[in-house]
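Asks: Sequence:
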Amino acid sequence: MSRARVLLVDNDPGQLELLSMRLEAAGYEVNCAGNGEQALAAIKRRQPEVVLSDLRMEGMDGLALFERIHREWPTLPVIILTAHGSIRDAVQATQSGVFSFITKPVAPAELLTTLERALELRSPASVQPSGWAQHILTRSAKMYQLLDQARLVAQSDVNVLISGESGTGKELLAQAIHQGSLRAEGPFMPINCSAIPENLLESELFGHRKGAFTGASRDHPGLFVASAGGTVFLDEIGDMPPSLQVKVLRVLQERRVRPVGATDDQPIDVRILSATHRDLEAALTDGSFREDLYYRLNVVELRLPSLRERSEDIPLLANSFLRHVAERQGSKPVRLAPAAVGRLLRYSWPGNIRQLQNVIEKLVALAVGPVISEAQVREALPLDRGADIAELSEAKARFERGYMIRLLQLTAGNIAEAAQLAGRNRSDLYKVIKRHGIDLEQFKTTAGELPTEQG
Numbered sequence: 000m001s002r003a004r005v006l007l008v009d010n011d012p013g014q015l016e017l018l019s020m021r022l023e024a025a026g027y028e029v030n031c032a033g034n035g036e037q038a039l040a041a042i043k044r045r046q047p048e049v050v051l052s053d054l055r056m057e058g059m060d061g062l063a064l065f066e067r068i069h070r071e072w073p074t075l076p077v078i079i080l081t082a083h084g085s086i087r088d089a090v091q092a093t094q095s096g097v098f099s100f101i102t103k104p105v106a107p108a109e110l111l112t113t114l115e116r117a118l119e120l121r122s123p124a125s126v127q128p129s130g131w132a133q134h135i136l137t138r139s140a141k142m143y144q145l146l147d148q149a150r151l152v153a154q155s156d157v158n159v160l161i162s163g164e165s166g167t168g169k170e171l172l173a174q175a176i177h178q179g180s181l182r183a184e185g186p187f188m189p190i191n192c193s194a195i196p197e198n199l200l201e202s203e204l205f206g207h208r209k210g211a212f213t214g215a216s217r218d219h220p221g222l223f224v225a226s227a228g229g230t231v232f233l234d235e236i237g238d239m240p241p242s243l244q245v246k247v248l249r250v251l252q253e254r255r256v257r258p259v260g261a262t263d264d265q266p267i268d269v270r271i272l273s274a275t276h277r278d279l280e281a282a283l284t285d286g287s288f289r290e291d292l293y294y295r296l297n298v299v300e301l302r303l304p305s306l307r308e309r310s311e312d313i314p315l316l317a318n319s320f321l322r323h324v325a326e327r328q329g330s331k332p333v334r335l336a337p338a339a340v341g342r343l344l345r346y347s348w349p350g351n352i353r354q355l356q357n358v359i360e361k362l363v364a365l366a367v368g369p370v371i372s373e374a375q376v377r378e379a380l381p382l383d384r385g386a387d388i389a390e391l392s393e394a395k396a397r398f399e400r401g402y403m404i405r406l407l408q409l410t411a412g413n414i415a416e417a418a419q420l421a422g423r424n425r426s427d428l429y430k431v432i433k434r435h436g437i438d439l440e441q442f443k444t445t446a447g448e449l450p451t452e453q454g
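Take the sequence shown: its letter number 302 is residue 301 in numbering that gives the first Met the number 0, and every next letter is one higher.
Treat the hints with caution; some may be incorrect.
Claimed, not checked - Pairs of lysine to aspartate or glutamate residues, derived as EDC-like cross-links and limited to a Cα-Cα distance of at most 20 angstroms, are as follows: (1) Lys103 <-> Asp60; (2) Lys103 <-> Glu170; (3) Lys141 <-> Glu36; (4) Lys430 <-> Glu399; (5) Lys43 <-> Glu290; (6) Lys361 <-> Glu378; (7) Lys141 <-> Glu311; (8) Lys209 <-> Glu170; (9) Lys141 <-> Asp263; (10) Lys246 <-> Asp268; (11) Lys361 <-> Glu416; (12) Lys141 <-> Glu170; (13) Lys43 <-> Glu28; (14) Lys443 <-> Glu416; (15) Lys209 <-> Asp263; (16) Lys430 <-> Glu416; (17) Lys43 <-> Glu66; (18) Lys246 <-> Asp263; (19) Lys331 <-> Glu308; (20) Lys433 <-> Glu416; (21) Lys141 <-> Glu164; (22) Lys246 <-> Glu290; (23) Lys246 <-> Glu308; (24) Lys43 <-> Asp60; (25) Lys246 <-> Glu311; (26) Lys430 <-> Glu440; (27) Lys246 <-> Glu235; (28) Lys395 <-> Asp427; (29) Lys43 <-> Glu184; (30) Lys141 <-> Asp268.
Please keep in mind that the hints were generated in silico from the structure rather than gathered at the bench.
The task is simple: from the sequences and hints, build the whole structure.
Replies: Below you can see the structure in the form of structure tokens.
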């Protein structure tokens, strides 16, 4: 079993050494930081499960450090230590969200008990998620933080709005929240509000009575009734027609539905999760989404990061897709060459995880050997790769070539003048011209003329 990780923050080296020895002897994995900035950098490198910080430190003190941590990692417990304990300090710390406040000299038993209590709040976010979130693959600190928040809200019955770009896995997170909730034994019913015509969407959500409209040959319960004891997931809620928004708001307020063609209401017992890729606050401004419905749905908002924001997950996801696609297609296993992985990492992935999965499926289908090369990956990616991040050497080469062309344009191909402007000697410039295959003669024009930039 892995040891719980504690980050110690104190500008007193002796205190750091003493506490580190005590905690390591108690079975903790300890990392130390001498000030607040070092602590923030350490958390970004590898997130601990508890932070133990001194209050009085030069520069960023313990409370300022807590505020930074709470803003970026809101579920990470912070324990404050101080040799200058006072009622006012303790009240300020605990009211702002600090987990606990311990006065120096620290009693070992009190410290260990407090750490144990703090760890009880933590999910196993420092390791690969399992159980309720086992289908979410990640090694990203941002995703671990999100899963911590999801685990906490899963235990309640509040409505959750999941936001994020298309293809980031919003339905997968909704399924995880359902699996981590007290409703896990009940049904999980997803519906895409943008994929169903308005007249059919109302019937799908609220149900209908036999004969309510042409084709209604029997009673239909609707998702809100059929999901009794479970969860309804309203995907792309931002695309729901305004007329239906009013009816969904009524359902959330009264916890009752009226099927199409019925004269009586039925009680419901479901949890509502919703998701959107749209900016709903902008939709509130332009009137396309109801403000009262927004606040009913958005009791807690969880924002899924884009694949660009969790690029460390790209190799993990790509290899998982490789295995699954090969198994499904009945083809031989293939792997990515290191340079191919590098190419995937440099791409911007506007379609996020869904796009990555599609690219991997294409690569497996077209693979002719056991190893997928960088060239194959480059060919499989869309031609318009304006957001693709070039390697540093490639970016430097582009800049150097463009700079040289501009110099030659300004000086009409006069190497001596160009060298003077660049602050280099002529032989250096001739090397650059040769390296980039620039035709110097094209720049030797008459006064006032400038050749077009070479492609």
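Asks: Indicate, hint by hint, whether the structure satisfies it.
Replies: Do the hints match the structure? See the list:
Among the hinted pairs, lysine 103 with aspartate 60 is consistent with the structure: their alpha-carbon atoms are about 16 angstroms apart, no more than 20 angstroms. Taking the CA atoms of lysine 103 and glutamate 170, the gap is about 48 angstroms. The hint is violated against a cut of 20 angstroms. In summary, the hint linking lysine 141 to glutamate 36 is supported, as the alpha carbons are separated by about 19 angstroms, within the 20 angstroms threshold. Between lysine 430 and glutamate 399 the alpha-carbon distance is near 12 angstroms, which keeps this suggested pair within the 20 angstroms criterion.
Restraint check for lysine 43 and glutamate 290: the C-alpha separation of about 36 angstroms exceeds 20 angstroms, so the hint is violated. Between lysine 361 and glutamate 378 the alpha-carbon distance is near 10 angstroms, which keeps this suggested pair within the 20 angstroms criterion. This hinted pair checks out: lysine 141 and glutamate 311 have alpha carbons roughly 11 angstroms apart, not beyond 20 angstroms. Distance check on the hinted pair: lysine 209 and glutamate 170 sit about 32 angstroms apart at the alpha-carbon level, beyond 20 angstroms; violated.
Pair hint lysine 141 plus aspartate 263 does not hold up; C-alpha atoms about 47 angstroms apart against a cutoff of 20 angstroms. At roughly 17 angstroms between alpha-carbon atoms, lysine 246 and aspartate 268 fall within 20 angstroms of each other, so this suggested pair holds. Distance check on the hinted pair: lysine 361 and glutamate 416 sit about 52 angstroms apart at the alpha-carbon level, beyond 20 angstroms; violated. Taken as a hint, the lysine 141 and glutamate 170 pair is honoured in the structure, with Cα atoms around 18 angstroms apart against an allowance of 20 angstroms.
With a C-alpha separation of about 17 angstroms, the suggested pair lysine 43 and glutamate 28 falls inside the 20 angstroms cut-off, and the hint holds. Proximity of lysine 443 to glutamate 416 is assessed by CA-CA distance (about 13 angstroms); at most 20 angstroms being required, the pair is judged to hold. This hinted pair checks out: lysine 209 and aspartate 263 have alpha carbons roughly 14 angstroms apart, not beyond 20 angstroms. Of the pairs offered as hints, the one joining lysine 430 and glutamate 416 holds, with about 16 angstroms between alpha carbons and a cut-off of 20 angstroms not exceeded.
As the CA atoms of lysine 43 and glutamate 66 are separated by approximately 15 angstroms, the hinted pair is consistent with the 20 angstroms bound. Restraint check: the Cα-Cα separation between lysine 246 and aspartate 263 comes to about 15 angstroms, which is no more than 20 angstroms; the hinted pair holds. A distance of roughly 32 angstroms separates the Cα atoms of lysine 331 and glutamate 308; the hinted pair therefore is violated under the 20 angstroms criterion. For the given pair, lysine 433 sits about 18 angstroms from glutamate 416 by alpha-carbon distance, which is consistent with the 20 angstroms threshold.
For the hint linking lysine 141 to glutamate 164, the alpha-carbon distance of about 15 angstroms falls within 20 angstroms, and the restraint holds. Distance hint between lysine 246 and glutamate 290 is fulfilled; the C-alpha atoms sit about 14 angstroms from each other, no more than 20 angstroms. Between the alpha carbons of lysine 246 and glutamate 308 the distance comes to roughly 37 angstroms, so the proposed pair goes past 20 angstroms and is violated. Among the hinted pairs, lysine 43 with aspartate 60 is consistent with the structure: their alpha-carbon atoms are about 19 angstroms apart, no more than 20 angstroms.
With a C-alpha separation of about 42 angstroms, the suggested pairing of lysine 246 with glutamate 311 is violated against the 20 angstroms cut-off. Proximity of lysine 430 to glutamate 440 is assessed by CA-CA distance (about 15 angstroms); at most 20 angstroms being required, the pair is judged to hold. For the hint pairing lysine 246 with glutamate 235, the CA-to-CA distance comes to about 17 angstroms; that is within 20 angstroms, so the pair holds. Between lysine 395 and aspartate 427, the direct Cα distance comes to roughly 16 angstroms. Compliance with the 20 angstroms bound is thereby established for this hinted pair.
About 37 angstroms separates the Cα atoms of lysine 43 and glutamate 184, which puts this hinted pair outside 20 angstroms; it is violated. For the hint pairing lysine 141 with aspartate 268, the CA-to-CA distance comes to about 33 angstroms; that exceeds 20 angstroms, so the pair is violated.
Hint violations for this structure: numbers 2, 5, 8, 9, 11, 19, 23, 25, 29, 30, all remaining hints satisfied.
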